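Asker: Spelled out from the first residue to the last, the chains are:
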Amino acid sequence: MKGVLYAGLALLALGLQITVVPDLSIWGIRPDVVLVTVLAVTIRWRDKFVFVYAAALGVALDSFTHGVLGVSGMSFFAAAIAAQLVGGALYGDSLVSFSTAVFALSLLEGIVFVVIFRVLDSQVPWGSWLLTRVVPEAFYNALIAPAVYIGIARLERWTPLHPRS
Amino acid sequence: MVDLLKRNRVLVSACTVLSLLAVLLSLRWSNPSYARWIDEVLHAAAYPVQAGYRDAAAGMAGAFSHYVYLVNVQAENDRLKEQVQTLQEDLNQYVNSAIQFNLLREQLGFLEETPERKVWAEVIGESADNFHNILLINKGSQAGIRRNFPVVLRQGVVGRIESVTALQSVVELVVDRRHRFPVLILRTRERMQARGNGSDVDLQSEDKGIAFGQGNGIEVERVRMLTEIEAGDSVITSGLDGIFPKGLLVGTVTSVGREKHDLFQVAEVAPVVDFSRIEGVFVILRDRRAGAYPMFSDP
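Heads up: the sequence lines are chains G and W, in that order.
For reference, each letter of the first sequence is one residue, going 2 to 166 in this note's numbering.
For reference, each letter of the second sequence is one residue, going 11 to 309 in this note's numbering.
Just so you know, these hints were derived from the structure itself, not from any lab.
Since this is a predicted model, take the numbers as computed values, not measurements.
Accuracy of the hints is not assured; some may be wrong.
To be verified - Which residues of chain G face chain W? A partial, calculated answer using Cβ under 10 Å:
#1 GLY29
#2 GLY59
#3 LEU62
#4 GLY68
#5 ILE82
#6 SER95
#7 PRO126
What the hints assert, rightly or not - Just so you have them, the derived chain W footprint on chain G, three or more residues with Cβ under 8 Å:
#8 14–23
#9 74–80
As the list claims (entries may be wrong) - Far from chain G, some chain W residues (derived; all Cβ distances over 12 Å):
#10 ALA32
#11 LYS91
#12 GLU289
From the three backbone atoms N, C-alpha and C, an ideal C-beta is built for every residue, glycine too.
Sequences and hints are given; from them, build the entire structure.
Answerer: Structure below.
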């Protein structure tokens with residue numbers, strides 16, 4: 002059941018990212034539903050091996066966006082590990098704290114992403130990417146985080162065998 | 011040993027995942043052809059999923075709008091509203107058809123007036139993140155499309171084919187930072203180097219032909235200080251890269267940056283193509299045997 006839930010959520014998040022998210026673009030910035038889902042799952046379900054899930058979803062996203070394979074995988078992995086490390090101490094069940102956490106972790110994920118890109122290619126304008134891409138995206142992720150959080154909470158109610166039960 | 015691994019299985023798993031990701035990333039440099047093969051396999055696997063998602067979303071949107079129209083409508087009004095709706099939809103359809111007809115007629119004119127062999131492809135997807143500028147089109151190697159073939163519209167240059175599978179291809183737009191190509195100013199024909207809009211450029215590494223874009227526009231660099239260039243000048247492809255034919259319109263200069271101590275000027279260019287409204291594109295089928303290979307190495 003747990004595996005089905007994880008796989009279903011992954012397919013749903015990737016589907017939304019491909020179909021709906023491009024239409025939610027504001028000034029060229031799109032939210033990252035896949036990342037928010039990974040963070041929500043990490044924070045709520047506290048699964049020890051969630052970083053494997055995060056890395057796999059990152060690679061899948063790299064494949065769909067035709068980026069450098071492994072970059073999102075690495076950044077998602079780092080964000081999931083960070084969420085795991087501080088999750089228990091920092092987050093309650095409130096939407097505000099979840100949104101704040103998503104903002105901070107999205108920033109971290111974005112920084113890791115840009116740093117890896119910078120290491121791979123010295124021409125990447127990491128300064129401008131941080132300001133014009135990473136920060137707005139983190140803010141956007143924080144805005145959609147409550148919707149994802151509520152969605153996952155609903156899902157838990159419908160499926161008694163979810164990892165949190 | 012086994013007990014130790016079992017006790018630390020979380021740590022071991024984390025290290026394994028990290029190592030796999032590092033190997034995946036390093037393959038791009040240690041074995042580029044193998045990395046490209048993995049890319050192509052994953053992209054080929056992703057295409058049908060992406061297409062399926064899009065079709066499902068379109069179907070659901072249609073079903074939802076139909077449901078919304080029918081719920082909470084009284085019987086008498088329902089019939090009348092439906093009639094009005096039908097007429098309105100017919101009208102919209104006619105208007106849309108007329109617009110599409112005009113667009114296609116324009117493109118058909120372009121198709122007939124230019125000598126290159128082209129194939130028309132519909133756009134079926136776009137980039138899902140904030141760092142890449144790509145389009146997915148519904149034609150692939152079965153239609154004769156190969157990597158690095160130029161993608162154009164009547165208005166001007168759109169991009170190049172970045173990867174191909176049998177039935178679909180990925181177009182890397184000219185505003186993507188990975189994209190770099192030589193251009194000419196139409197007024198002065200001064201040769202320059204155009205790249206996707208971004209900052210801090212290492213001019214020494216330009217021979218690689220690798221650039222990453224921010225997606226907002228095009229920046230033209232390496233314009234000699236003596237060149238007279240100003241806002242409003244047109245920028246066209248020079249054809250020196252072996253990818254784009256010479257003379258395709260790229261965009262219009264919007265601003266020029268020149269500092270006294272610099273060797274070159276830099277110009278911001280607004281692309282002539284509105285990438286957010288593209289519904290279809292032409293892929294120019296180039297003859298590989300005629301030496302139409304790109305001058306710059308592939309990323």
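Asker: Against each hint, give a clear statement of whether it holds in the structure.
Answerer: Consistency of the hints with the structure:
no., hint, verdict
1, GLY29, "holds, 6 Å"
2, GLY59, "holds, 8 Å"
3, LEU62, "holds, 7 Å"
4, GLY68, "holds, 6 Å"
5, ILE82, "holds, 7 Å"
6, SER95, "violated, 28 Å"
7, PRO126, "holds, 4 Å"
8, 14–23, "holds (count 8)"
9, 74–80, "holds (count 3)"
10, ALA32, "violated, 8 Å"
11, LYS91, "holds, 27 Å"
12, GLU289, "holds, 14 Å"
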